[in-house]
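Here's the letter readout for the chains.
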Amino acid sequence: AQSVTQLGSHVSVSEGALVLLRCNYSSSVPPYLFWYVQYPNQGLQLLLKYTSAATLVKGINGFEAEFKKSETSFHLTKPSAHMSDAAEYFCAVGRGSNFGNEKLTFGTGTRLTIIP
Amino acid sequence: DTEVTQTPKHLVMGMTNKKSLKCEQHMGHRAMYWYKQKAKKPPELMFVYSYEKLSINESVPSRFSPECPNSSLLNLHLHALQPEDSALYLCASSGQGAGSPLHFGNGTRLTVT
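Residue numbers (our numbering), protein chains in the order written: chain F, 1 to 116; chain Z, 117 to 229.
Since the hints were derived computationally from the structure, they do not count as laboratory data. Each hint should be verified, as a subset may be incorrect.
[Said to hold, decoys possible] Okay, derived cross-link-like pairs now, DSS-like style, lysine-lysine, Cα gap no bigger than 30 Å in a straight line:
| no. | chain 1 | residue 1 | chain 2 | residue 2 |
| --- | --- | --- | --- | --- |
| 1 | F | 49 | F | 103 |
| 2 | F | 49 | Z | 156 |
| 3 | F | 68 | Z | 156 |
| 4 | F | 69 | Z | 135 |
| 5 | Z | 157 | F | 49 |
| 6 | Z | 134 | F | 49 |
| 7 | F | 103 | Z | 154 |
| 8 | F | 58 | Z | 157 |
| 9 | Z | 135 | F | 58 |
| 10 | Z | 156 | F | 58 |
| 11 | Z | 134 | F | 103 |
| 12 | F | 49 | Z | 135 |
| 13 | F | 68 | Z | 135 |
| 14 | Z | 169 | F | 58 |
| 15 | F | 68 | Z | 138 |
| 16 | Z | 156 | F | 103 |
| 17 | F | 69 | Z | 169 |
| 18 | F | 69 | Z | 125 |
| 19 | F | 103 | Z | 125 |
| 20 | F | 103 | Z | 157 |
[As the list claims (entries may be wrong)] Just the calculated beta-carbon pair ranges, DEER-fashion:
| no. | chain 1 | residue 1 | chain 2 | residue 2 | range |
| --- | --- | --- | --- | --- | --- |
| 21 | F | 61 | Z | 121 | 14 to 24 Å |
| 22 | F | 16 | Z | 119 | 25 to 35 Å |
| 23 | Z | 134 | F | 66 | 24 to 34 Å |
| 24 | Z | 138 | F | 40 | 34 to 44 Å |
| 25 | Z | 175 | F | 16 | 45 to 55 Å |
| 26 | F | 41 | Z | 119 | 16 to 26 Å |
| 27 | F | 82 | Z | 131 | 12 to 22 Å |
| 28 | Z | 119 | F | 84 | 20 to 30 Å |
| 29 | F | 29 | Z | 175 | 21 to 31 Å |
Virtual Cβ for every residue (Gly too), placed ideally from N, Cα, C.
Extracted from the complex, chain F is given alone in its bound form (with noise of 0.2 Å):
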């Protein structure tokens, strides 16, 4: 069984300063973890993945994530927050199947304000 947790349903940074959202996994086997993040009325945009390449994986719009086996945790990071990071961020794991499709295990999503 995999699960996902997300500390922090909501985040407020000031606009300049360092976002970090946390994301901490449970998985039997290695894992697949994905960040996204969803827009007011929009579906899901991949920001970055870690596949068991790199264990700091850098994305889209700035953001990177650091794998850390040890501590189960993937936590998202961007060194100074813009406004329009403004947004639902959800954290995934996956372990893929036999039958080319993923089955992703969502978590319960992190709402980033930035303030002005």
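Fit chain Z to the known structure of chain F by using the hints.
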């Protein structure tokens, strides 16, 4: 612009209506998904098609009926829905290989009256 296209963007239907949601992708993906998302919640998996065959049904009520006519199209047929079925319905697709990310459409906002 999203590479997964969903129509319609909004749909209002009565409990006795029959309607369909449509999804199309041209990325050559062979896995397609339907998710349901309630406000302020994560997406919940409903169905997965792999190579046009239904591979996962997450115990979804029979008033939701999926269909995959070909590798690019995915439909969700709706009949006798309840007001609690009002939600954002998201379609997604993914390529082959473990760890392939899902690509989501912008969803259909469904309201059942």
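Cross-check of the supplied hints:
no., hint, in the structure
1, F:49 / F:103, "holds (15 Å)"
2, F:49 / Z:156, "holds (23 Å)"
3, F:68 / Z:156, "holds (28 Å)"
4, F:69 / Z:135, "violated (46 Å)"
5, Z:157 / F:49, "holds (21 Å)"
6, Z:134 / F:49, "violated (38 Å)"
7, F:103 / Z:154, "holds (19 Å)"
8, F:58 / Z:157, "holds (26 Å)"
9, Z:135 / F:58, "violated (41 Å)"
10, Z:156 / F:58, "holds (27 Å)"
11, Z:134 / F:103, "holds (29 Å)"
12, F:49 / Z:135, "violated (35 Å)"
13, F:68 / Z:135, "violated (46 Å)"
14, Z:169 / F:58, "violated (34 Å)"
15, F:68 / Z:138, "violated (40 Å)"
16, Z:156 / F:103, "holds (21 Å)"
17, F:69 / Z:169, "violated (35 Å)"
18, F:69 / Z:125, "violated (40 Å)"
19, F:103 / Z:125, "holds (25 Å)"
20, F:103 / Z:157, "holds (18 Å)"
21, F:61 / Z:121: 14 to 24 Å, "holds (23 Å)"
22, F:16 / Z:119: 25 to 35 Å, "holds (32 Å)"
23, Z:134 / F:66: 24 to 34 Å, "violated (49 Å)"
24, Z:138 / F:40: 34 to 44 Å, "violated (23 Å)"
25, Z:175 / F:16: 45 to 55 Å, "holds (46 Å)"
26, F:41 / Z:119: 16 to 26 Å, "holds (18 Å)"
27, F:82 / Z:131: 12 to 22 Å, "violated (44 Å)"
28, Z:119 / F:84: 20 to 30 Å, "holds (21 Å)"
29, F:29 / Z:175: 21 to 31 Å, "holds (24 Å)"
In this structure, the earlier hints numbered 4, 6, 9, 12, 13, 14, 15, 17, 18, 23, 24 and 27 are contradicted, and the remaining ones agree with it.
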